[in-house]
Structure formats: C-alpha cells, structure tokens
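Q: Single-letter residue listing:
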Amino acid sequence: MKGKKLAILSALSASVLIISGCSSGSEDSSGVSIEVPDIPMHEAMGEFEGELNIVNWSGFVEPAWTDKFTADTGCKVNPRVAGTSDEMVTLMRTGQYDIVSASGDAALRLIVGGDVQPLNIDLIPNFSDDIAAGMKGNVYDTVNGKPYGVPIGRGANLLQYNEDVTGGAPESWDVVWELDTPYKGKITAYDAPIYIADAAVYLMYHKPELGIKNPYALDKDQLAAAIDLLKQQNQVIGEYWSDPVAQITSFVGGNTVVGTSWEVLRKFAGKENIKTTLPVEGSTGWFDSWLVSSTTKNINCAYAWMDYTSKPEVNGAIAVNFGMAPANVAFCASSPEAQAHCDTFFAEDEEFFKRIWPWTTPIETCVDGRKDVKCTSFQDWTNAWATVKG
Amino acid sequence: MTQVVAKKQSKPISSYLLRRTKVRLLSILALPMTWIVGVYIVSLFLLLITAFWNVDPFTSLVSPGFNLENFKMVLTVPAYIATSIRTLLIALSVTAICIFFAIPLGIYMAKIAKPWVRNLLAVAITLPLWAGYLVKIIAMRLVFTEEGFFNWAMAPFGIRGPGFSIPIVILTLTYLWFPYMALPVYTAIRQIPPNLFDASSDMGAKGFTTIYRVVFPLITPAVIAGSVFTFSLSLGDYLAARFTGGATQMIGSIIAQNINLNPPVAAAYSMIPIFFIVIYLMVARRTGSLERM
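Line by line, the protein sequences give chains S and L.
Residues are numbered in our numbering as their position in the first sequence, beginning at 1, plus a constant of 7.
Residues are numbered in our numbering as their position in the second sequence, beginning at 1, plus a constant of 292.
These aren't lab readings, by the way, just hints derived from the structure by calculation.
Be a bit skeptical, because a hint or two may be false.
Below 30 Å or equal to it, Euclidean Cα-Cα: the simulated DSBU-like pairs (lysine-lysine) are [claimed, not checked]:
#	chain 1	residue 1	chain 2	residue 2
1	S	Lys-381	S	Lys-396
2	L	Lys-403	S	Lys-191
3	L	Lys-314	S	Lys-396
4	S	Lys-378	S	Lys-318
5	S	Lys-278	L	Lys-428
6	S	Lys-83	S	Lys-304
7	S	Lys-318	S	Lys-153
8	S	Lys-220	S	Lys-83
9	S	Lys-214	S	Lys-83
10	L	Lys-364	S	Lys-381
11	L	Lys-364	S	Lys-227
12	L	Lys-406	S	Lys-396
13	S	Lys-83	S	Lys-282
14	S	Lys-282	S	Lys-381
15	S	Lys-274	L	Lys-428
16	S	Lys-238	L	Lys-303
Source: prediction; values computed, not measured.
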C-alpha cells in the first residue's frame, strides 16, 4: 500500500518534471543519435551547498569514506539505498535527490527522460586515464558524444554452478535455456525485464539468422524470439531471483544447481563447490556510474563527490565493499590486497569485459545503429516480461 | 448553590456542547472522518485513477489521461488471466485449510482441554504473530530448501518435500494467517453453551453430526470473519510466492513488478483482488452471516 502511494506521488511529480526544453539530436562517431532534452551543464565550481542527497546501491555510500568527504567539503551526505534500477529511476524522478549510482539500464532512461544532466568532465580531475577504458564512452551514459556519467565500477552476470552436481564448468549457457537441460527445476534466473537481454545474448550466438547485433537493440521479431526462449526456460526453471540473499540460500541449500549470478554472490555463498564461469556466448553485466539530477540544488557538492569517489583509494574502497571491479584501476597497484581484489573481479581484464554487454536501457532508437526499423522500448520489454512467467 | 454555579462556569466547552448536539457530533467525528476521507479514501482513489493514465513508452513517465488499454491488457493477456485464477485458487485453498484446522482446534480448546492446556495452545497460536512477517516467510523457506529441515526430518521415511512450488506457498500463507481464523472461531465456540452439546448427544447425535448441525451454524459468522482475513490477505500477498514459490507468480508479484515500471498497469491489476473480495463479501452477505457478525 505504501509502495503504491509512493509510486503515485512520484508519478505525479514526474509528470511535473518533464522539461519543456527543446530536444537536440546530433550524431556521434558510433552513428547512434538519440533525442535528449537540452539541459545545460555546470560551467564552473562554486560554493559548496552543505548537503548532498544520494540514491545508491547498498554499500556504495558508507561512513568510512563519507566522513572525510564531509570534513573536506562541508557537504553532509544523506544516502538513500534503492533495491532495484527501477526504484532508482522512480526515486530520481521525485526531484528530491541530487545524484544516483545508476546501472546502465537505469542511466539511459534517466538521460532520455531529462532527469539527469550532461557533465563537465573538466571539473572532475580524477576522471582521468586511470579509469578503465571499457567504462568510458559507453552508450548507456554517453549520448551524442556528451558524457552523463562518472564510472564507479562494474560486474558481469556470470553462470554460477554447483560443481558437485555438474562435475565441471558448463561451457555454454544452454544448461539454463534448453528443455533437455540435465538440471530441470534446479535453474535460477534474474527476475527483471532486463534479463531479456541475456536471452538475446544466447540467441546472438546460436541463431545468427535473427540478426541480433546488440542485445539491447531488438526489433519486434527479435524480441518475440527472446520471449519465446524465456518461455521455454520457464518450463525448466526452479526459481527467479531478485533478492541476493534468496539466491545465495538457494545455491547453498541445494535448490539451485545452475543460474545467473554475480562474483560477489559466489563469494558470499562461501562454498568450495559453488563456482562461476563465463560461458562461450558471453554475457550481460552491470556498469554503474554517478549521474547528477537535472534539478539538483547541490551541484557543487555533487561534482565534488564524483571527483572524490573517483580517487583510486575511495573508488577502490567502494568496489571492495560492494564486490565489483573498480572503475579506477590505479587502485589495483596500491597494495597486494587491492591487486587480489582486482584479479578476482577481472578489473584490469579488458578482454574479459569485451565479452560482456553492459546493461543499457532499450529505447526506440536502435542502439546498434540500425535506422530502418524501430526497436522495442523498455516499456515493451516490461510488458513482454510479464507474459514470460505465466 | 453558589458552588454549582461556579462549577458550571468552569466548563464552558462542555456546557456549549451540551446545548448543540450537531456541533457535538461533528467534533466527535471530525478526526476519524478526516482520517478516513483524507488519508484512506483519497489515497485509494488516487491509486485507482492511475489505472486510466498513460505511460510514455520512451521514458516510462506517467501522465494523466484516459485510456482503457491497461484494463484490456489485464483482462486479455493470458499470463495475467492465469495469474489471477491461480491467486484466487491459492487464497481459497488457504482459507479452506484454515477453517478445516481451526474448528476442531477451537472445540478442543474451548470444551475439552484443561485450562493450562488451553492457555498453552492460545499462546502457541498467537506466538508466531510476535515474529516479523518476513522472518516467518524466510523461516519457511529455510525449512523447505532441498537440504533443509523438512527433507532432513523426513529422510528416514523416504519422503521428500515438493521443493518451492504452489503447495509450499499455500502452506506458508496458511501458517501466516491461521491465527486470524483460529482466534475468532475459538472465541465463538467458547460462547456456545455446554448444554447444547449435551442436548445434541442426548438426541443421539455423534460427534461429527454435532459439529455439523450444532456447532457450525453457530460459529458461521466467526468463520466468515476469519475467512475475510485469510482470503484477502492471501490475495494480496507476494512475498510468500517470491521466497517459497519458486517460479510461482501471484497477483501481487505482477503488481510489485510493475509498480516502478508501469504504475497504470499495476493500478489496473490491483482492481482484480478488489473485485474478488467484493464478490466474496456479497456471497458472505447472502448467507446472512455479515449481519450477525
């Protein structure tokens, strides 16, 4: 009930928020042009406003590093933890928050919706060459050549398996998709519309005739093929997870043998026989960045925060605390522990991340550059996702 | 005499209200009515009106308008229809199981058990209410995992649990809502005069005949009252399905999924449980038990 009321309130404020500004669309080098509201960027740093309201993933904003930030700048940090990308979008649209740690599937939605503003990178000196190459200039947070996000960290959606049962690493995702899987009823999948992209990644490899070039740029027929695959998976699935704790207990308790996971969840499961692998098809992943609200009143604190959290030691602390690859790879060389962390999470392994498709909000403009068709939007994905589980 | 006058003057509000009955009534009702209308009805109305609104397919932003697409979707998409029916059946099963266990338990507690056993049972029934709702669901999840308590305890008999599925959801919901059925039923049975049981047995009725012909008609209002709780709470639940249902989807699961992504569809879909409950209450009214509640 509370959730519903909140949604209505935010929907109301969101509709007020739609910005009247005219749209601009210019092409960039990748050939993808996306219409976005024209919002000016911050020109020069000024006085600190004294507070900063953050929407963040659990573990991104902790006293261990916010205390120093507050001492340095006088900006008091008020974090608000969100559980899903969709919740983050809803919260940002209330206009009560200055900055968000958005994954790519939330970022592009916020950019296109005019909820966040383009960034002036010159004001963020720590956004330097130390930031992993694979996290710069991606379509989810860089639109028409303009950067909207400052990278925080990334992780892959890996195939986790119980080695006692599988007897080795599965080479392909087919163990979670095909009807003849040996693990029927013991499969888990991520419970969100963005998981459709995982089906698309599988189809890209096994059904090239569908012509999928980017799992986030699906036309109607390609989406239908992905949904068919998901419906097929529904017949063999044991459980969908959105709650990390449920996923961990499911693997540890033996209900699940194979399924989507994150490296950090495997670590928490803490069992020798539970391992992860990146199958031959590649996979999807989440690349998180800071995005600044277009209606923020604390712009200078927001820029200071992005610069502060891009420092190797702070960025590394966030990455270690959450369990992901840090964006600032200079952190890795800082100590043997840091190097071990970076190795576990493939932080410096660009070859590994080349096989990962970062979560990106699907929009009508095909992000693979096709111009002759309209792609399916996130709304289509949401509606289609509801039909999968029956 | 002077004392009485002085007293009267010292309570101007009371004497004012004494003379004006309408103002008195208004002042009594003002606070609860503000609450009901301002907080309860208005927010419910705001929720339901969203069902007619539009969503921008590009940005998922909601804008006021009028369209029936959301209702069309809720009533035509096979997955939504299947989920509605599944949820209805789950809620009815939970209610039936609660009734089935509450009546014998109530009779035992009220008429047979020694006082200390009765108190012990009353505590046992209400004790789970002290634990958090989510804690209880997670507890059920842990009991029924593959390597959990149930499979461990039943292994010597060669019995294995069904894994996370609809039966476990029904069991979990029954566990969650059973006190809401057991307590009114127990109270109602306690109020049945003991001589009715004697009379029934003098007339040659066996135990089950007595329950069916004497006890049940007398406690129907309590059963209906309890079933309104078990039925409506089960209809609205989604966490039990999420944690103990495996891939089971209920009405609440779809609403929760859409609440951020597509609020109008969530609002439209929330009309379905409201519709079910209205039908349920109408049937209950037909039996005449609502008047006796």
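Q: S:Lys-282 and S:Lys-381: Cα distance at most 30 Å?
A: violated, 40 Å
Q: Starting from S:Lys-378, check that the Cα of S:Lys-318 is at most 30 Å away, please.
A: It is violated: about 40 Å lies between the C-alpha atoms, which goes past 30 Å.
Q: What's the verdict on S:Lys-214 and S:Lys-83, does the C-alpha distance respect the 30 Å limit or exceed it?
A: violated, 52 Å
Q: When you check the alpha-carbon spacing of L:Lys-364 and S:Lys-381, does it fall within 30 Å?
A: holds, 24 Å
Q: Taken at face value, is the distance from the CA of L:Lys-303 to the CA of S:Lys-238 at most 30 Å?
A: Distance of about 74 Å is beyond 30 Å: violated.
Q: Going straight from one Cα to the other, do S:Lys-274 and L:Lys-428 come out at no more than 30 Å?
A: Holds, because 26 Å separates the two Cα atoms, which is no more than 30 Å.
Q: Given the hint that L:Lys-364 pairs with S:Lys-227, does the C-alpha gap stay at or below 30 Å?
A: Distance of about 21 Å is within 30 Å: holds.
Q: For the pair supplied as a hint, L:Lys-403 and S:Lys-191, confirm whether the alpha-carbon distance does not exceed 30 Å.
A: violated, 50 Å
Q: S:Lys-83 and S:Lys-282: Cα distance at most 30 Å?
A: violated, 41 Å
Q: If you draw a straight line from the CA of L:Lys-314 to the CA of S:Lys-396, is it 30 Å or shorter?
A: Violated, at about 57 Å.
Q: Taking 30 Å as the top limit, are the C-alpha atoms of S:Lys-278 and L:Lys-428 close enough?
A: holds, 26 Å
Q: Compare the distance between the alpha carbons of S:Lys-220 and S:Lys-83 with 30 Å, and conclude whether the hinted pair is satisfied.
A: The hint is violated at about 45 Å.
This entry does not satisfy hints 2, 3, 4, 8, 9, 12, 13, 14, 16, going by the numbered hints stated previously.
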